[in-house]
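There are 2 protein chains.
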Amino acid sequence: MLQRPPAEPGMSEADIDTPALIIDLDAMEGNLDRMAAFCRNAGVRLRAHAKTHKSPVIAHWQIARGAIGQCVQKPAEAEVLAWGGVSDILVSNEVVSSRKLARLAALTRMSKISLCADSAIVVDQIEAVAESFATRLTVLVEIDVSGGRCGVEPGEPATALAVRIARSRHLVFGGLQSYQGRAQHLRTEEERRDAIGQAAARTADTVAAIRKQKLECAVVGGAGTGTFAHEAASGVYNELQAGSYVFMDADYARNRPAPDFEQSLFVLSTVMSAARPGIAVLDCGHKGIAVDSGLPLIHARQDIDYVGASDEHGSLVLRSDPGSLAIGETLRLIPGHCDPTVDRYDWYVGMRGKRVECVFPVAARGMMQ
Amino acid sequence: MLQRPPAEPGMSEADIDTPALIIDLDAMEGNLDRMAAFCRNAGVRLRAHAKTHKSPVIAHWQIARGAIGQCVQKPAEAEVLAWGGVSDILVSNEVVSSRKLARLAALTRMSKISLCADSAIVVDQIEAVAESFATRLTVLVEIDVSGGRCGVEPGEPATALAVRIARSRHLVFGGLQSYQGRAQHLRTEEERRDAIGQAAARTADTVAAIRKQKLECAVVGGAGTGTFAHEAASGVYNELQAGSYVFMDADYARNRPAPDFEQSLFVLSTVMSAARPGIAVLDCGHKGIAVDSGLPLIHARQDIDYVGASDEHGSLVLRSDPGSLAIGETLRLIPGHCDPTVDRYDWYVGMRGKRVECVFPVAARGMMQ
Numbered sequence: 001m002l003q004r005p006p007a008e009p010g011m012s013e014a015d016i017d018t019p020a021l022i023i024d025l026d027a028m029e030g031n032l033d034r035m036a037a038f039c040r041n042a043g044v045r046l047r048a049h050a051k052t053h054k055s056p057v058i059a060h061w062q063i064a065r066g067a068i069g070q071c072v073q074k075p076a077e078a079e080v081l082a083w084g085g086v087s088d089i090l091v092s093n094e095v096v097s098s099r100k101l102a103r104l105a106a107l108t109r110m111s112k113i114s115l116c117a118d119s120a121i122v123v124d125q126i127e128a129v130a131e132s133f134a135t136r137l138t139v140l141v142e143i144d145v146s147g148g149r150c151g152v153e154p155g156e157p158a159t160a161l162a163v164r165i166a167r168s169r170h171l172v173f174g175g176l177q178s179y180q181g182r183a184q185h186l187r188t189e190e191e192r193r194d195a196i197g198q199a200a201a202r203t204a205d206t207v208a209a210i211r212k213q214k215l216e217c218a219v220v221g222g223a224g225t226g227t228f229a230h231e232a233a234s235g236v237y238n239e240l241q242a243g244s245y246v247f248m249d250a251d252y253a254r255n256r257p258a259p260d261f262e263q264s265l266f267v268l269s270t271v272m273s274a275a276r277p278g279i280a281v282l283d284c285g286h287k288g289i290a291v292d293s294g295l296p297l298i299h300a301r302q303d304i305d306y307v308g309a310s311d312e313h314g315s316l317v318l319r320s321d322p323g324s325l326a327i328g329e330t331l332r333l334i335p336g337h338c339d340p341t342v343d344r345y346d347w348y349v350g351m352r353g354k355r356v357e358c359v360f361p362v363a364a365r366g367m368m369q
Numbered sequence: 001m002l003q004r005p006p007a008e009p010g011m012s013e014a015d016i017d018t019p020a021l022i023i024d025l026d027a028m029e030g031n032l033d034r035m036a037a038f039c040r041n042a043g044v045r046l047r048a049h050a051k052t053h054k055s056p057v058i059a060h061w062q063i064a065r066g067a068i069g070q071c072v073q074k075p076a077e078a079e080v081l082a083w084g085g086v087s088d089i090l091v092s093n094e095v096v097s098s099r100k101l102a103r104l105a106a107l108t109r110m111s112k113i114s115l116c117a118d119s120a121i122v123v124d125q126i127e128a129v130a131e132s133f134a135t136r137l138t139v140l141v142e143i144d145v146s147g148g149r150c151g152v153e154p155g156e157p158a159t160a161l162a163v164r165i166a167r168s169r170h171l172v173f174g175g176l177q178s179y180q181g182r183a184q185h186l187r188t189e190e191e192r193r194d195a196i197g198q199a200a201a202r203t204a205d206t207v208a209a210i211r212k213q214k215l216e217c218a219v220v221g222g223a224g225t226g227t228f229a230h231e232a233a234s235g236v237y238n239e240l241q242a243g244s245y246v247f248m249d250a251d252y253a254r255n256r257p258a259p260d261f262e263q264s265l266f267v268l269s270t271v272m273s274a275a276r277p278g279i280a281v282l283d284c285g286h287k288g289i290a291v292d293s294g295l296p297l298i299h300a301r302q303d304i305d306y307v308g309a310s311d312e313h314g315s316l317v318l319r320s321d322p323g324s325l326a327i328g329e330t331l332r333l334i335p336g337h338c339d340p341t342v343d344r345y346d347w348y349v350g351m352r353g354k355r356v357e358c359v360f361p362v363a364a365r366g367m368m369q
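Note that the protein sequences, when read in sequence, are chains A and B.
Its first residue numbered 1, the first sequence is counted upward by one per residue in UniProt numbering.
Its first residue numbered 1, the second sequence is counted upward by one per residue in UniProt numbering.
Misleading hints may appear alongside valid ones.
[Unchecked claim] Some chain B residues well away from chain A (every beta-carbon gap over 12 Å; in silico):
#1 30
#2 40
#3 52
#4 94
#5 112
#6 127
#7 189
#8 215
#9 289
#10 297
#11 320
[To be verified] A few chain B residues facing chain A, derived, Cβ under 10 Å:
#12 51
#13 74
#14 194
#15 288
#16 363
[To be verified] Which stretches of chain A does chain B cover? Using the computed rule of at least three CB atoms under 8 Å from a CB of chain B, they are:
#17 67-80
#18 93-103
#19 260-274
#20 306-320
For the record, the hints were derived by calculation from the structure and aren't laboratory data.
Glycine included, each C-beta is placed from N, C-alpha and C at the ideal position.
Build the full structure now, drawing on both the sequences and the hints.
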């Protein structure tokens, strides 16, 4: 079953059923505009990552501002976007089962579908599935520029894989996927710039090696909200895959990426117990807000700390006036990490100021397959 | 949208689409039987907690073995159980909005509904809603025996609240909710026994104080999988609310509660990349398995460590044979924490050995309101 929608258009914020995932639409639209302007000025394409928002609605808002398409991590997310009218989708990840590959092959009837590979075994598997569907899939070689997750080594191993893709009759060699994940959360701008500088150099060498094989990398993609300005400036990357900039979160805010984005995503939560002075309990714990990158902050109330999350309870400590939180009062929580917080909800509540302007589904919530 | 079911009855484990939430039915049934036998022998009632399993199917398996009903934390969970035929449901938590209370009042047409209160304000709110629905709600006083979450102080404040409930025309005073949450995860049996001993003493004093007001506590409820034997032995508690015993998890296993329960819940995950020897990457990160109580363990493969979770990737290190994990191979992960792991999935896949015996919904997935 789906959660019931926690609000209806026209309601005031105080009437929203909590916990609820709310968007400050003004702040979000500002973020969308700023990133679109940045990419236009930098002369790079934006293929925003839908693993953050999981919504064809927000995808179309990005595309209307110039994004060329969307990234996803999973075939099930690709399905939700394709069924929602997104026409160009990259699975920026390896897909290894023939059942999942068949679903991607089927989607090529609706949208352009690309995916990544980092092994010859999987390239051959993709070719077999594409052949059986009499279709063509675009495959990018993922190279490892981050140290030890997915991706083949840049240089010769990546080039060999590119050649193998290009020689597969039902595959199109799409280019390179080169995402420096660890750099996103480095705390200083200098650390992030250095990490991306190294990744860009290894990526450029690989592009050159592939060119020697008379193959072009139509896409050289990567980047996230923490680093995209460095990839854009590198002259190597031509597609940026940032996702979190739409919403931001407490962890990205600590890194202060530029241009500045505003916090636009919140979890609205209600004080359910205030049995003694100075402490209070919210109706949102870690089932309702992700804590993997730290506890949430309280929006616009610097006198309150969210000090502990259990499954369905959030414990608050009031540093100033100990009696200033009443049972039934609502607070906006800033998630420590936006992506997995969004993935706990079936509905977005879009706020224009304190008024509910729209309610729409987190359509790819839970689509991990 | 819901996730599509990752398997169908009759399939083998190797054919399940991953990540998937799987139950070892033999192990789970053994756990259900052991807890039922324990409660029968101890002369206490079992009101198992559905915040773990979120499923009317599993609730009925518990009730068929003698459980008198179910606990939930949220009105939306109560709805899913009532609509699934569970006839006696306690919301073991405060409910503070009149919108949520109206939903509980409406459910009294289908099931017996109880809930908790820890303030006079909320008692009066519940009375007003019950009156407007011309129904009666059973209200327990939650006392704080754990130090600083929900609950009024035991003794006089709890007694005053009990009297207020009993004098409300549309409420029934149901007894005491006395859950020592912090004791569940203390590491030694002695620490847990001492903590429950203290909680039981304060609870007993409160029962006696309420009796002086000529009120009886029909229910004295609490306990979890880490401590229930101590509540049962106390002579104070008459209802146990354990939930996690059904599935167990890595954190509860570290505490070794007695009687011993088996791990019955797993996340099945596939190796999606193995680009260099000694490391590999799974298709399940913290969007697919909760990490708030520690990283998952690998079932039946002590030579492999799950060393890092990002959103959709799990990083493995192989301590023995560095080439022994192939792309496409599946592993069973033991969650660090069962409750929030279950809450990420729409479907259970019930396994009898290596064969899929049944597929059924996590019907109250995401029901946090």
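Hints the structure fails to honour: 3, 4, 9, 14
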